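Use the sequences and the hints to build the structure in full.
Residue numbers (my numbering), protein chains in the order written: chain C, 1 to 393; chain X, 1 to 224.
Worth flagging that the hints you see were computed from the coordinates, not collected in a lab. Here the structure is a predicted model, which is why all the values come from computation and not from measurement. Check before you lean on any hint, since a few could be wrong.
To be verified - Derived DEER-like restraints, expressed as beta-carbon distance ranges: (1) LEU59/X / GLU25/C: 28 to 36 Å; (2) SER152/X / ASN257/C: 37 to 45 Å; (3) GLY130/X / GLY291/C: 47 to 55 Å; (4) ARG166/X / GLN128/C: 44 to 52 Å; (5) ASP214/C / GLY162/X: 49 to 57 Å; (6) GLN246/C / GLY178/X: 51 to 59 Å; (7) PRO166/C / TYR138/X: 34 to 42 Å; (8) ALA89/X / HIS51/C: 35 to 43 Å; (9) LEU290/C / ARG70/X: 26 to 34 Å.
Every residue, glycine too, gets a C-beta built ideally from N, C-alpha and C.
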Amino acid sequence: MQFGIMSVSDITRDPVSGTTPSEAERIASIVRIARKAEEVGLDVFAIGEHHNPPFFSSAPTTLLAHIGALTERLVLTTSTTLITTNDPVRIAEEYAMLQHLVGGRMDLMLGRGNTAPVYPWFGQDIRQGLPLALENYNLLHRLWREDVVDFEGHFRTPLQGFTATPRPLDGVAPFVWHGSIRTPEIAEQAAYYGNGFFANHIFWPPEHTKRMVDFYRQRFEHYGHGTAGEAIVGLGGQLFLGRTSQEARERFRPYFNAAPVYGNGPTLESFSTQTPLSVGSPAEVIDKTLGFREYAGDYQRQLFLMDHAGLPESLVMEQLEMLGSEVLPTLRAETQARRAPGTPDAPTHAARVATQFPDGVGRQVRPLANRGDNVTGGSPYEDSEFVATYPTL
Amino acid sequence: MTAHRLVVVNAGTSDPSATRMLADRAAARVTRAAGEVGEEVRIDVVDLRQLLPELPGALASRHLGEQFTRAVDLLAQADGVIAAGPVYAAGPSGLFTSFFQVLDTDLLIGKPVLLAATAGTARHALVVDGEMRSMFAYLRALPVPTSLFAASEDWGDGALEGRIERAARELVLLMRSGFARAVREETWGAYQHEFGSAGDTGEVSVDTDLMRLATGGRYTPRAN
Numbered sequence: 001m002q003f004g005i006m007s008v009s010d011i012t013r014d015p016v017s018g019t020t021p022s023e024a025e026r027i028a029s030i031v032r033i034a035r036k037a038e039e040v041g042l043d044v045f046a047i048g049e050h051h052n053p054p055f056f057s058s059a060p061t062t063l064l065a066h067i068g069a070l071t072e073r074l075v076l077t078t079s080t081t082l083i084t085t086n087d088p089v090r091i092a093e094e095y096a097m098l099q100h101l102v103g104g105r106m107d108l109m110l111g112r113g114n115t116a117p118v119y120p121w122f123g124q125d126i127r128q129g130l131p132l133a134l135e136n137y138n139l140l141h142r143l144w145r146e147d148v149v150d151f152e153g154h155f156r157t158p159l160q161g162f163t164a165t166p167r168p169l170d171g172v173a174p175f176v177w178h179g180s181i182r183t184p185e186i187a188e189q190a191a192y193y194g195n196g197f198f199a200n201h202i203f204w205p206p207e208h209t210k211r212m213v214d215f216y217r218q219r220f221e222h223y224g225h226g227t228a229g230e231a232i233v234g235l236g237g238q239l240f241l242g243r244t245s246q247e248a249r250e251r252f253r254p255y256f257n258a259a260p261v262y263g264n265g266p267t268l269e270s271f272s273t274q275t276p277l278s279v280g281s282p283a284e285v286i287d288k289t290l291g292f293r294e295y296a297g298d299y300q301r302q303l304f305l306m307d308h309a310g311l312p313e314s315l316v317m318e319q320l321e322m323l324g325s326e327v328l329p330t331l332r333a334e335t336q337a338r339r340a341p342g343t344p345d346a347p348t349h350a351a352r353v354a355t356q357f358p359d360g361v362g363r364q365v366r367p368l369a370n371r372g373d374n375v376t377g378g379s380p381y382e383d384s385e386f387v388a389t390y391p392t393l
Numbered sequence: 001m002t003a004h005r006l007v008v009v010n011a012g013t014s015d016p017s018a019t020r021m022l023a024d025r026a027a028a029r030v031t032r033a034a035g036e037v038g039e040e041v042r043i044d045v046v047d048l049r050q051l052l053p054e055l056p057g058a059l060a061s062r063h064l065g066e067q068f069t070r071a072v073d074l075l076a077q078a079d080g081v082i083a084a085g086p087v088y089a090a091g092p093s094g095l096f097t098s099f100f101q102v103l104d105t106d107l108l109i110g111k112p113v114l115l116a117a118t119a120g121t122a123r124h125a126l127v128v129d130g131e132m133r134s135m136f137a138y139l140r141a142l143p144v145p146t147s148l149f150a151a152s153e154d155w156g157d158g159a160l161e162g163r164i165e166r167a168a169r170e171l172v173l174l175m176r177s178g179f180a181r182a183v184r185e186e187t188w189g190a191y192q193h194e195f196g197s198a199g200d201t202g203e204v205s206v207d208t209d210l211m212r213l214a215t216g217g218r219y220t221p222r223a224n
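As structure tokens, this is what we get:
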């Protein structure tokens with residue numbers, strides 16, 4: 001089981017101090033937060049993708065590559081990469097490059113994005129959001145697995161004899177999590193390809209998450225990737241720690257009350273009762289988190305939202321310290337003790353290389369001498385036999 | 001035999017409330033009209049005033065608290081609804097409108113609804129048919145033909161009693177027809193329902209164009 005943090009990259013006024021960090025401060029801060037996550041023993045750092053203020057994360061691969069260079073163990077991922085408004089060819093290239101640069105310590109989570117105006121900025125139509133996501137992933141899947149791709153779809157210009165470069169590290173595509181709140185088609189796609197399914201989880205009552213996860217697990221089994229219990233599930237979450245539950249609530253309440261997503265809305269208590277939000281002592285947070293498996297089953301990745309709603313960096317660092325020292329060891333031990341035999345670990349690059357290449361050595365592609373183009377047949381790589389299936393021009 | 005389940009939604013906020021009084025009189029007539037044909041009515045009342053503490057959360061983030069959840073459960077089971085609210089400033093009160101606006105739009109499909117409003121002046125008389133009725137049309141509910149409206153002076157007028165009688169009988173006829181259940185059983189698939197919505201039957205169909213696209217198929221949009 002992997003534990004980590006996810007950031008939506010919001011730049012929000014700190015309601016206690018009244019100050020709003022600059023973009024520069026917040027970007028520098030997120031790098032320190034990610035490094036801290038590794039230092040305190042977390043496994044994963046995830047960053048969202050947005051293209052409008054007040055968010056800073058428009059270029060997640062650039063940020064993750066930088067963090068990758070400053071860390072050694074942390075798995076870097078997104079929460080989420082927009083599979084709708086990004087060209088799947090660019091996603092294939094950028095994330096394969098990231099995969100090389102961080103030595104396989106990455107994966108990515110795909111989502112549709114929830115800001116209507118972002119679609120036209122990138123030449124797309126939000127009414128087509130779901131089919132765009134589905135078709136784009138079908139293409140992305142092939143771009144990482146086939147050296148030469150012919151493709152004709154509804155949304156993008158056709159590809160003929162196209163090779164996405166660089167090829168994935170060791171010949172193994174980055175692992176993909178499909179993120180969804182309430183779209184069974186996304187769960188179905190994750191199941192069909194044997195990919196991971198990530199339920200955002202926050203904002204929603206447990207019964208809702210359970211239904212989506214159950215559906216994905218059943219379909220994963222249906223498609224022959226393993227039993228329902230072996231399906232790869234991730235969950236979101238949100239926590240704030242204090243020495244006592246009272247202290248945690250007192251300190252978090254002003255941030256909760258002013259938070260962009262639920263400010264002036266539900267009370268902290270009501271939201272904590274009905275959603276996975278955990279605000280309390282280490283013991284309370286541990287109990288609540290361990291309760292997630294009761295409806296989601298044994299799962300592989302738990303990400304917590306932490307650096308949002310204007311929480312200053314010093315407070316986030318303090319929270320990370322507490323999480324690492326007073327919550328994580330128990331969570332790891334208890335999760336391990338409770339999980340059913342045969343529950344798979346979260347996928348890692350090394351494990352995926354070992355599965356795909358039983359001798360343990362991944363593919364190392366070497367291009368053939370430059371042919372000047374890539375549309376006139378033959379494989380572009382020394383080790384791969386390719387038979388052209390497209391019309392030869 | 002099972003009783004018809006009637007849910008009274010009352011947006012009146014004072015106690016006693018003229019709106020609640022009108023709703024109760026209508027509910028009593030519904031019970032009597034059903035009784036005349038040997039049928040029972042079970043009544044649950046949702047007083048929206050009690051939902052006020054949860055309204056900000058529902059409006060801000062569609063986060064429904066316990067009281068809201070109970071109201072939604074009752075409405076989901078309802079065979080008929082009496083929706084009654086006061087008129088403020090030429091429109092149904094904000095509480096009345098807000099309540100129905102945060103509900104899932106699938107919740108009331110095909111359900112017969114008796115609409116009722118109270119006001120201080122007869123100048124608000126068209127609010128029920130002009131505004132309430134259009135909102136329930138949007139929700140694809142089935143408002144009964146006769147609407148109830150009671151301005152202050154109407155409480156002393158026997159004509160109000162006659163309208164209550166008529167509206168109640170219309171509601172009973174629609175409940176007895178089983179229309180709402182038939183819609184659910186026979187034409188439910190003709191509506192678009194989101195996963196987790198009130199229209200969700202619990203089964204996910206994988207036999208759709210989008211599901212085929214999800215599993216590597218081609219997307220071929222249909223002309224509308």
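Hints, verified against the model:
no.	hint	in the structure
1	LEU59/X / GLU25/C: 28 to 36 Å	holds (33 Å)
2	SER152/X / ASN257/C: 37 to 45 Å	holds (41 Å)
3	GLY130/X / GLY291/C: 47 to 55 Å	holds (50 Å)
4	ARG166/X / GLN128/C: 44 to 52 Å	holds (49 Å)
5	ASP214/C / GLY162/X: 49 to 57 Å	holds (54 Å)
6	GLN246/C / GLY178/X: 51 to 59 Å	holds (54 Å)
7	PRO166/C / TYR138/X: 34 to 42 Å	violated (53 Å)
8	ALA89/X / HIS51/C: 35 to 43 Å	holds (41 Å)
9	LEU290/C / ARG70/X: 26 to 34 Å	holds (29 Å)
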